[in-house]
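Peer 1: Order-wise, the sequence lines are chains A and B.
So in my numbering, spot 215 of the first sequence is number 215, and the numbers just go up one at a time.
So in my numbering, spot 290 of the second sequence is number 1290, and the numbers just go up one at a time.
Hints in this document: simulated from the structure, not taken from any laboratory.
The beta-carbon is built from N, C-alpha and C at its ideal position, and this holds for glycine as well.
Among the hints, a few may not be true.
Said to hold, decoys possible - Simulated crosslink set (DSS-like; lysine-lysine; CA at most 30 Å straight-line):
#, chain 1, residue 1, chain 2, residue 2
1, B, 1130, A, 270
2, A, 270, B, 1127
3, B, 1130, A, 9
As the list claims (entries may be wrong) - Ranges between beta-carbon positions, derived for each pair:
#, chain 1, residue 1, chain 2, residue 2, range
4, A, 178, B, 1219, 38 to 44 Å
5, A, 2, B, 1164, 52 to 58 Å
6, A, 2, B, 1131, 30 to 36 Å
7, B, 1169, A, 192, 52 to 58 Å
8, B, 1020, A, 192, 49 to 55 Å
What follows is each chain in one-letter form.
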Amino acid sequence: MKYFFYQLKKSPLAMVGIAIIVFWLIAAFAGPSMISFTHTEMDSMNQMVAPGEYGHVLGTDSLGRDILSRIVYGSRSILTVALLTSIFSTVVGILLGFSAGYFGGRLDTAFLRGMDILMAIPPLVLSMVILGILGDSSIASLTIIVSIAFVPATARVSRGVLLTEKSQEYVSAARIRGENHLYIMFVEILPNTMGPIIVEATARFAYSIMMVASLGFLGVGLQPPTPDWGMMVIENKPIIAQAPWAVLFPALAIASLVIAISIFSDFVSKVLIHER
Amino acid sequence: MKRLMEMFLRRLGSLLATLVVMSFVIFLLVEIMPGDVAQMILGQSATEEAVAALREARGLNDPLLERYGRWISGVVVGDLGDSIYMQGVSINSILWRKVGHSIILAMTAFIIFVPLSIFFGVLAGVKEKKPTDSIISFFGLATMALPEFVSGVILITVFAVQLKWFPIVSVIPIGESIWQNLNIVVLPALSITLVMFGYISRMQRSSMISVMNSDYIRAATLKGMPRRYVIFRHALKNAMLPTITIIGMNMGWLFGGLVVVETLFGFPGMGSLLMTAIKTRDVPLIEACVLLITVIYSVSTMITDIMYSYLNPRIRYQGGQK
């Protein structure tokens, strides 16, 4: 941890990244109480107002809704879903990947085959089709389905790191001591593989944001009236010539968040790989 | 060569197996869709008897496996069935034209992003830790992190709204073909390019760095060979290998990206067709589109693997055993 902050001091880019992430976290928690408009309020007198006019800091859309408050409210849902998705897919990935890699043999073969099949459909297409078919996405269904689409990737990473650790001496020592399999997997091996798994999880967080935003954009994400960044982009695209801000600001919100997380994840991987 | 052939056949076999399982999964997936197909065709005002009769006539009451069998045997001989939403129009007559458009879009993007990202990746790798490298690397990280529709929206604002060089929406006027309207392909292709550029140039950069630090490059340099010759003749050959894999692996993203980009621009391709199919709950059309995407994706993954082992003599001569 000390080393982490030491490295952080030397890397201004990573500091900017963390600052942006913290900014969005604060916006999600405290933001709504700081804005004078609500996200569903339609100011019918002030449609497509330019940024800064009539108290609408980032302008309004074609229905007269305040862009800033919609972005701030939208940050809540996207951060919640993305965080849950990355945790969920990482945990399921560890469980699947570890048991396949640890026990090997037929279980492993079945695991690899199954993952191959899941991977035969691009993740975005898979989740978009399932969500579209089910209709009416909620935070729960979005989280579960995006996680399913991500599990092949996380499980393979977990299996890979387990295989490199499995042949270590401390594992055979534990086996000779007569520890049970669960103990060996999760108490002996898991702590030693945390590095790559954390790196994968932070990268997954960035992917989740992209994925959730893309699904919202395609109209199969969270349904109105919940504001969704991706949906704001496609909703307002028809008025892009008259009111470019209505499209650009949500797009920039997505961009800043994903770039910040990617920078952070790059930094984490640099630190953790150095530590070894 | 014999080993390569053997590997090819083995891969083909597992590909077929995957596709069979996948087609069943797709079929099941669409089957669980809430709502009654017959009710959808006839509309809400239809009488119960009429709906029941249509269910019987279309064989919707048959057991699941029988229906799957009927569907898949049609697919094998090239009959994808009829669209439900566009009452009875055969899917073959809609799908292939759109697939053609998507292929043109994907190929255009491919032709732009592959040389571009390899070139800049090599440049960044050769100039490691110099300003050129930092700029290229940060640009790559930024574009890679942006979903296609975000970079697309920025492109639209700049090139379509401000400069008015290209249209905001990619629509083909009725009666014209895509070849008369090639300007509609440019912005969608560029949005895909931006995303791919990040992945590929980063990969190219890191593999270039590791190759440039290897002994044989040092030997070539010490021999007094011109730097350009060392980079392009010696280093690039080996540094290209990981890049090829990453290009192949990203084909999946490319297809996901196509759906997004086509929706953003209203481009008349396979992706926006799939989107419409989902919105209108057009079961046979969803099945056909997803199956086709799966086939294209799996085949491109297979080709990548084979190309990789063909280009890498270590794998070629040991028959795929590392």
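Peer 1: Indicate whether the distance between the beta carbons of residue 2 of chain A and residue 1164 of chain B respects the range 52 to 58 Å.
Peer 2: holds (56 Å)
Peer 1: Starting from the range 38 to 44 Å, see whether the pair residue 178 of chain A and residue 1219 of chain B falls in it by beta-carbon distance.
Peer 2: violated (54 Å)
Peer 1: Quick check: does the Cβ-Cβ distance between residue 1169 of chain B and residue 192 of chain A fall within 52 to 58 Å?
Peer 2: Because 54 Å falls inside the window, the suggested range holds.
Peer 1: Return holds or violated for the Cβ distance of residue 1020 of chain B and residue 192 of chain A against the range 49 to 55 Å.
Peer 2: Given a distance of about 40 Å, which is not inside 49 to 55 Å, the answer is violated.
Peer 1: Given the hinted pair residue 1130 of chain B and residue 9 of chain A, is their alpha-carbon gap at most 30 Å?
Peer 2: holds (21 Å)
Peer 1: Hinted pair, alpha-carbon criterion (30 Å max): residue 270 of chain A, residue 1127 of chain B. Please report holds or violated.
Peer 2: Answer holds: residue 270 of chain A to residue 1127 of chain B is near 20 Å, not above 30 Å.
Peer 1: Taking the beta carbons of residue 2 of chain A and residue 1131 of chain B, is their distance inside 30 to 36 Å?
Peer 2: At 32 Å between Cβs, range holds.
Peer 1: Taking only the CA atoms, is the gap from residue 1130 of chain B to residue 270 of chain A under or equal to 30 Å?
Peer 2: holds (19 Å)
Checked against the numbered hints above, the structure violates hints 4 and 8; every other hint is satisfied.
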